[in-house]
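*Asks:* Heads up: the sequence shown begins at 1 in the numbering used here, then just goes up one per residue.
These are computed hints drawn from the structure, not numbers from a lab.
Only true hints are included.
The calculated label-pair distances, taken between Cβ atoms and stated as ranges, are:
id: 1; residue 1: E82; residue 2: F4; range: 16 to 24 Å
id: 2; residue 1: A241; residue 2: Q32; range: 25 to 33 Å
id: 3; residue 1: P192; residue 2: V87; range: 42 to 50 Å
id: 4; residue 1: R247; residue 2: P192; range: 39 to 47 Å
id: 5; residue 1: A93; residue 2: D196; range: 47 to 55 Å
id: 6; residue 1: I170; residue 2: P132; range: 37 to 45 Å
id: 7; residue 1: R90; residue 2: R130; range: 49 to 57 Å
id: 8; residue 1: L43; residue 2: E82; range: 34 to 42 Å
id: 9; residue 1: V236; residue 2: L5; range: 17 to 25 Å
id: 10; residue 1: A99; residue 2: L232; range: 17 to 25 Å
id: 11; residue 1: A226; residue 2: E82; range: 34 to 42 Å
id: 12; residue 1: A93; residue 2: A241; range: 21 to 29 Å
All of these numbers come straight from a predicted model, not from anything done at the bench.
All C-beta atoms in this analysis are idealised placements derived from N, C-alpha and C, irrespective of residue type, glycine included.
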Amino acid sequence: MRLFLTDTGVVFGRYTRATLRSKTGLFFGMLQPLLFLALFGPLLTGLGLGVDGSSWQALVPGLLVQLALLGGSFVGLGLIFEKSSGVLDRMRATPVAPAALLLGRTLRDVVQLVVQSALLVLLGLAFGLRAPVAGIVLGFAFVAVLSGALSALSYGLAMNVRTTPEFAAIANTAVMPLMLVSGLLLPMSLAPAWLDGVSRAVPFRYTVDAVRQAYLGNYGGGTVVAGAAVTLGFAVLAFAAGARLFRRG
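Whenever a hint applies, use it, and build me the whole structure from the sequences.
*Replies:* The structure is reproduced here in structure tokens:
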């Protein structure tokens, strides 16, 4: 176990240093949710969104889940480059366990997305977001679990496709509809009955509903409990599938 944790730490450190050196990647990785917040958020001010709290308490949690969804789902693109350049083969030839190679990368992604989430919340506070500290921290926990699960699944997929266009086509086809029917930007209480029903089959809806309730200070309600259960259940399945695909690739 100690050797596994050491290997995971080495992989985590390697990819964290590479991320910190890529200033352009860090900047543009954060730009999209900030633009949504700055350009889309003011349009919702004063509108009745069918949920409790202000429009910022509805939008910012949705953007946090969107950040985890998009950021976690597309990290596999970098792995495809490592496969084609031979870097991954050299790493797999070492005594490092495949699980450590996967977990080290995934932890890097979780840390990066939580830091980006913190910046997003700080900007939201500047715009007028008001939320309890405990609710904000709970939201970060949801982001960490969801982004880690999606990152592991993304790496597993990347190990089993050949080119970046193939990966992008699969990821976009899966992610975009899920994002639209999860109520990330607008609550699904505004949707027609049939679309609201469809969204209840998407786990991310329960995640974003739970974060919105946490931002209102409702920590122990059924919505938060259901969101935590669904998110954790999805994470377990995603990690298991990602690890299996990563080993098989």
